[in-house]
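J.: Here are the chains, one letter per residue:
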Amino acid sequence: MSSADYCPTTPQEVREMLEVIGAATVEDLFAPIPSHLRAASFDLPPGMSEFEMLDTLKGVAARNGQAVTPFIGGGCYDHLIPAVVDHLAGRAEFYTAYTPYQPECSQGTLQALFEYQTAICRITGMEVANASLYDGATALAEAGLMALRATGRRRLVIDGGVSPFSRQVIRTYLANLDVEIMEVVSLNGGIDRDALLAALNDVTAAILVQNPTFYGTVEDLTAIAGAAHGQGALLVVSAYPISLGLVKSPGEMGVDIVVGDGQPLGNAMSFGGPSFGFIGSLKKHIRNMPGRIVGETADGQGRRGFVLTLQAREQHIKRQKATSNICSNQGLCALKGLIFLTSLGKEGFRELATLNRDKSEYAKGKLSAIPGVSLVNSGETFNEFTLRLPRSADQVVASLLKMGIAPGFPLGSSEPELAECLVVTVTEKRTKAEIDELANLLGRELETVGF
Amino acid sequence: MNLIYEQSVAGRRGVRLPASDVPAADSLPVELLRCEPAELPQVSELDTVRHFTNLSRRNYSVDTHFYPLGSCTMKYNVKAVENAAGLFAAEHPLLPLLPGGLEHAQGSLGLLHGLGLALAEITGMDEVTTQPLAGAHGEMTGIMLIAAYHRAKGNKKRYVVVPDSSHGTNPASAAMVGYEIITIPTAPYGDMDPELFRAAMSDQVAAVMMTCPNTLGLFNPHIREICDIAHSFDALCYYDGANLNAIMGKVRPGDVGFDVIHLNLHKTFGTPHGGGGPGSGPVGVKEALIPFLPVPRIVKKDAGFALETDNSTSIGRTANFFGNFGVMVKAYAYILLLGREGLIRVSEQAVLNANYMMARLKGYYDLPYDFTCMHECVFSASRQVKQGVHALDIAKFLIDKGYHPPTIYFPLIVKDAIMIEPTETESRETMDLFIQVMIEAAELAESDPGAFAALPATMPVSRLDETRAARSQNVCFAGC
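Chains A and B, in that order, give the protein sequences. The numbering of the first sequence is the working numbering, which starts it at 1 and goes up by one. The numbering of the second sequence is the working numbering, which starts it at 452 and goes up by one.
These are computed hints drawn from the structure, not numbers from a lab. Be aware that a few hints might be false.
Said to hold, decoys possible - Simulated pairs of lysine-lysine, DSSO-like, Cα-Cα distance not exceeding 30 Å:
hint, chain 1, residue 1, chain 2, residue 2
1, A, K402, B, K813
2, B, K607, A, K318
3, B, K752, A, K58
4, A, K58, B, K530
5, B, K752, A, K402
6, A, K321, B, K752
7, A, K58, B, K607
8, B, K837, A, K318
9, A, K429, A, K58
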């Protein structure tokens, strides 16, 4: 059987179209490509039906083995996704459309993105937000660049509580630019305030922190914001969106730019992507913001409508002078984020955050009571915390993985001095039974090797 | 339509969460506690469903309308690939980084590796990283690889060369990596001329970025010569894969002399555009650039797939995890479905459809570069502009007739450009009906040019005041 190519044109139609064009064969249309440039190889298997394709990929997926109960997060989280999210975002009018360049026939996407921007402003306490960036890590790098533009300075201070993956991405983004990066080591899982403020000076463009930190500590950033502003610097925070249901918003703390990874808001983990990055800021920084922004306006009859706005910041107009090279956003993922927040609503979002903290506090109590295990965080935590084990966390993780549990993320590979430490994540999806089982297995594991 | 916030009623609830099975924790101290809950909508589940369903109906999309948006390759998105992506939805990306975790991710890593191999064969490159999250992100990654290559060789380079017909992302991406831009004007035959290029070259040039076929839909017959000139200055050649849909099985950029390429999986490989993303922008390189590829890099070993994370020559991480994995599952599924012959047919039919469109419309619209085109053709509304009718007006006419307009005003080098990319998945009848409407627009421009100002008249809104939007900067709803 011939392969599926989704081309509806019949051989008869091909002949008629060639006649209109004045070409004898389809190959004639490729005459502008000289023969010495032709492909040397094109060695791919023959096509298949959708049924064979799905069987093939089921086989590939099966090689991931049995599902693992994840007590890991680190930027990607196992949260509940209400059924309406995928049903509504799965409307083909949303997912088979593109960037809304023509606003009259794209009001669905544009209004949804305006509502999304509003939701981001409301959970973060910021005044403006864009229509989304790629992911949390690249959003933080873009926020760093935005702060450099806004202040005209060339120095960033990055707190050690920022995810090691995000810190690596920032270093990649800045490697070829003339920017000084100062990294400050964390203290007891939280921000070392003295060290952070000592790194701040009057040529610093911004301090970049993560809240809660990668190790789980929730910080009040009010004083840090004040200190940054005192030196003419901005405070940029990468926030875990689910925590914003309970934790004081960055806006209330005096933060200037807020970013984060939107995956927890209605997007499947899907091996880490697609997700979306969100970014919000004070209004005075809007012209330095990267990416698409949707704005409200009206037509000639006074009817409300939405358009892409402030496009003079963007690459298709400004080319090399643009605020960023970003061209698309993560439209569909941001839409899922909006539908997620809408379906939970004002009370539901707070309840979700509370449920995360309750589960996490329960797990923290159980796990830190295991002999030899101690809690690293000296401050409050949300739904992640860091444990110090009596021996290498790597061995413990490997053992428990064999029993179908990922007990946390061991820190040895990124920070060798923390080789005995484990960041444990407990979302609302983890049941009491799963937490008890983790405590059981961890206790037994630490016991059996004769600690 | 009302905003979802305007439908909010205090006390109304949507989705219900599971009851807690653990004791309530102590409250956070007040200095860490949010004073007021975020003002999210308070609506029922049906309110949510009806709102977003009705919003969706205010969009044109590939599944509902012909969408010949040039340079964006708005082909039909095969439904079966959506089911394929669902097979991997619950997989956590940190699993393979855990000690003993690789065996829990052999399927996902194997899929990425397999996709990389297929894309390398399609483009003639030696290795592909799937980490970049979109086409522009791939461009930036590619230019970072080039910068790392020059740094390792001790080369001092300042410039990246682009033709004036390039996508705006090309110079913007090079600028993100700290390069200055040299722009080459397009020759009368619609492409970058090797002699003009040679004149701009020096030892300070790091790379040349080319789209081929370019944004005029034309294939540059001199690309090998241009690559050779670049290489003689130890500059590298970057291939913007935005227009790969035209040449699958016909040309492989790697064979011709390109060193780095990015692909847009949402264009050529049929993954949905999602109203502006998620895309995916894998980057392919020649052997000399493999040491600089982003980490973690997926490598195949006897025991299975593994991750290389500690390569000191790598440019580092460009994104949090392994790229837009779900998009890559769909692209891999698409390649499996079409296979070798299917992908060749895709390019042949895309080129046939674009040339058919060009042949049928060139009596009605100016065609500034009148050559056999590849997958798209670029007209100018300059004839209509003499009557006061611009490309934008023609676009609005098309919207009223039920068509998503072509790309307009791009490339910038064509006055009032109308860039049409029909793609291979459209039938001849669909194209004939569109051609008829384009001819009607040309006729109306002659007979009643004033009629365009009121268009579109059939949509929920007519033309919107963009100046007002930019001035008021109302990007977040202030009410309710």
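J.: Please go over all the hints and tell whether each is borne out by the structure.
T.: Each hint tested on the structure:
1. A/K402 - B/K813: Violated: A/K402 and B/K813 sit about 67 Å apart, past 30 Å.
2. B/K607 - A/K318: Holds, at about 27 Å.
3. B/K752 - A/K58: 22 Å, holds
4. A/K58 - B/K530: 16 Å, holds
5. B/K752 - A/K402: 22 Å, holds
6. A/K321 - B/K752: This hinted pair is violated, its Cα atoms lying about 44 Å apart.
7. A/K58 - B/K607: 49 Å, violated
8. B/K837 - A/K318: 28 Å, holds
9. A/K429 - A/K58: 25 Å, holds
Checked against the numbered hints given earlier, the structure breaks hints 1, 6, 7 and satisfies all the rest.
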